[in-house]
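**Q** Single-letter residue listing:
2 protein chains.
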Amino acid sequence: MKTEIINTGTELLLGQTLNTHLQHIALRLADIGVCVQRQVTVPDGLAIREAMNESLARAELVLVTGGLGPTSDDVTRDMAANLLGRKKVFHGSVLEKIRERFLRRGLVMPEQVAVQAWAPEGAEILPNDCGTAPGLYLIGREGQHIFLLPGPPSELNPMFEQSVMPLLRSILPEPPPEPLFFRLVGVGESLLQEKIEPFIRSFSPDAEIGYCARPGEVDLRVPVCGDDARGQIQKKVESLFGDALYATGHESMEEVVVRLATKLGKTVAVAESCTGGLIANRITNVPGSSAVFLGGAVVYANSEKVRQLGVPIEMIEKHGAVSGEVAEAMAHGIAERTGADVAASSTGVAGPGSGTAEKPAGLCWLGFCSAIEKKSLRKHLATERESFKYMASQQVLDGLRRTLLMLGAAK
Amino acid sequence: MKTEIINTGTELLLGQTLNTHLQHIALRLADIGVCVQRQVTVPDGLAIREAMNESLARAELVLVTGGLGPTSDDVTRDMAANLLGRKKVFHGSVLEKIRERFLRRGLVMPEQVAVQAWAPEGAEILPNDCGTAPGLYLIGREGQHIFLLPGPPSELNPMFEQSVMPLLRSILPEPPPEPLFFRLVGVGESLLQEKIEPFIRSFSPDAEIGYCARPGEVDLRVPVCGDDARGQIQKKVESLFGDALYATGHESMEEVVVRLATKLGKTVAVAESCTGGLIANRITNVPGSSAVFLGGAVVYANSEKVRQLGVPIEMIEKHGAVSGEVAEAMAHGIAERTGADVAASSTGVAGPGSGTAEKPAGLCWLGFCSAIEKKSLRKHLATERESFKYMASQQVLDGLRRTLLMLGAAK
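In order, the protein sequences belong to chains A and B. So the first sequence is numbered by our numbering: it starts at -19 and just counts up by one. So the second sequence is numbered by our numbering: it starts at -19 and just counts up by one.
Treat the hints as calculated values from the structure; they're not laboratory data. Treat the hints with care, since some could be wrong.
A pair counts as met if it fits within one copy or between any two copies, since identical chains are not told apart.
As the list claims (entries may be wrong) - Heads up, simulated DSSO-like pairs for lysine-lysine below, C-alpha to C-alpha not over 30 Å straight-line: (1) Lys77 x Lys339; (2) Lys339 x Lys243; (3) Lys68 x Lys175; (4) Lys359 x Lys339; (5) Lys246 x Lys339; (6) Lys246 x Lys298; (7) Lys175 x Lys77; (8) Lys77 x Lys359; (9) Lys355 x Lys391; (10) Lys391 x Lys354; (11) Lys354 x Lys246; (12) Lys216 x Lys243.
All figures in this text were calculated on a predicted structure; none of them were measured in a lab.
Hey, can you work out the whole structure from these sequences and the hints?
**A** Below, the structure is given as structure tokens:
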């Protein structure tokens, strides 16, 4: 089913808000075999009508986000009614629900919120449990499926699960098998292609193989049918890349770490300097992480490295806070204090503005501590602050993963 | 200057990679007075040519990201050459630079990487210091400015600063004044419009006022010229909304917290349970935060709340870990142990799967501790795990901001 997404919102085009809709919606659609062919972002206003008109000419399923709010720049309802040649009708039950929502919070409903109770004739109302504007489902002149959905992710995402997915499942035919998907760490995109593509082409000369390089890692997507081909390609990737293959499927590095720790019954803790809480944050994004993640220390100040982790102040003075010695002592300190089976640490120069010739921005030491080994690794990563933190967190999570694999093998 | 952005990459349309290009590029363009009119994401392949053709018909500046890699699905260079009717020429110096890059890492350059040294005739080469594929700058048939840029943000973002921004500055006329911009917390979008819009319209009846609701907060954008009007609108927003106005301009909540703490010379620490490191991560994303942020404790397990923060186990047993008593004790514990002037804590039920009737998923207690006051706040937030963590972190940062404002006023 040809599918397009239209995101409206001047704040998206001004860069004030990160557009997370495409990713969220596309991942859910992929689960039911629907690929998005095109996504477009347009400003609030007339451009919404033009974009809808273009998409309806090409696609059978069109999802529009944003522009359903109560303010003067929210025009999606009007544009859709106009484009489809429908008048708008008033839904008393929607207004009641909105009014109740304000009442529950002890607020009086501002009058202009009432515009959200109007909808193009024939639209199915999709309830919004997390905000005021309901979503709308319409059938186009040529049978296209049209969804108008609220812009805030906190409203759109639950509505997508509760209303859009069930409607789509009822519309769709059987989905094709999902492409094979591999995530590798520490392997370059070119080397990956050079090693694996001829093998894949021997099964499927025209497969649209996808490579996606991200900082320090690469994804490989292979849309191939047939159990034999799939099995052989899977085995080949495994034998070629070994431990560098960290996920078969869409698992993130933090999900792999939590899954391995859970399976082995091992607990995890982290001591973070330069990553500043990002590793703990990524681990605790994984549902169920509380069963294996004991906690962590964010030790930005040297005094905190001493107090929270017992790193000797003489060691910091001699080697500097960004050193293999301190990274190891941090990992050891958090392991000992929390009693975690596997522990890791980060200490580095995130920049900008800090850093010296000897210890430039981008330098990072990672420490690891477990029953199997205590070690530190030196890395030179990106120098842009947030990329640096992300890449350092990814390296630490990969180290935790490798430690857990070793512990699993030693059992 | 009419501007469009084309992002290519099947992984973006499959949702496997979050598209951060629009936000990054749009923010930088806004700084030089350029607004993006439209952004489109298309898959790798022929669709790139179609999208470029459409954009070149509408826009004077077209930025294309992605599809410059070495693999078989990277076709942007070919599509651009074909569309503009140019042959491709080989750049020996580019190939040398790529080869050296591999050599420095002790690797042999895979042969297919050489395709990255070819470019449409007349293209200006934009060096890539963080990857292999150079960017390309071309002039279209009708004088349009065309940039072909690499897809990975770690390559695109530095190239944008080093090459694209200087080129654009040399092309552009004088930019108009930036719109007024306000960020408010705890104020609804409708109420904001009801209170402020008539006042703004009295100066500029047709101003394209923008409202953007995000979890627990709202942005207001007012594109008005004239120093008098701007000054009066600024004053009106301040008097109407007081402390709820947390930023004039694009500062984030964490940037405000770091700025206030720096100005007052106060240190900050956090103790996180349900936010799992996100607050510390957001604070440490701010350059210069190391001067005021001492560190934090991520205390997921109850045993860690006791060990790291001295929360009495009897208190946890009596009131539960998610309670005002424990939130306050956590904030007090981290303040006392780190010696921070201002401290805060989070403890809540992130879900999914946990939670009870009495303490449902989404329940959160925040604790605060400073010389001025020790208190806790109860909030019921979103129930989706990552939204919950974000909203809880925002509430804690807002509490830290308000505490710092009080400390500043008490001086």
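**Q** Take the hints in turn and mark each one as holding or not.
**A** To see whether the hints hold, each was checked on the structure:
1. Lys77 x Lys339: between (60 Å within a copy, 25 Å between copies)
2. Lys339 x Lys243: Answer is between; shortest inter-copy Cα gap is 29 Å, intra-copy 39 Å.
3. Lys68 x Lys175: So Lys68 and Lys175 pass the 30 Å test across copies only (28 Å; inside, 59 Å).
4. Lys359 x Lys339: Within. Shortest intra-copy distance 11 Å satisfies the 30 Å Cα cut-off; inter-copy 44 Å does not.
5. Lys246 x Lys339: between (35 Å within a copy, 28 Å between copies)
6. Lys246 x Lys298: The answer is between: 29 Å across copies meets 30 Å, while 34 Å in one copy does not.
7. Lys175 x Lys77: Between copies, since 23 Å is at most 30 Å while 59 Å is not.
8. Lys77 x Lys359: This pair counts as between: shortest inter-copy Cα distance 22 Å, intra-copy 55 Å.
9. Lys355 x Lys391: Answer is within: at 21 Å inside a copy they meet the 30 Å cutoff, but 48 Å across does not.
10. Lys391 x Lys354: For Lys391 and Lys354, only the intra-copy Cα distance (18 Å) is at most 30 Å; the inter-copy one is 49 Å.
11. Lys354 x Lys246: Classified as within: same-chain Cα gap 16 Å, cross-chain 37 Å, threshold 30 Å.
12. Lys216 x Lys243: within (26 Å within a copy, 58 Å between copies)
Taken one by one, the earlier hints all hold for this structure without exception.
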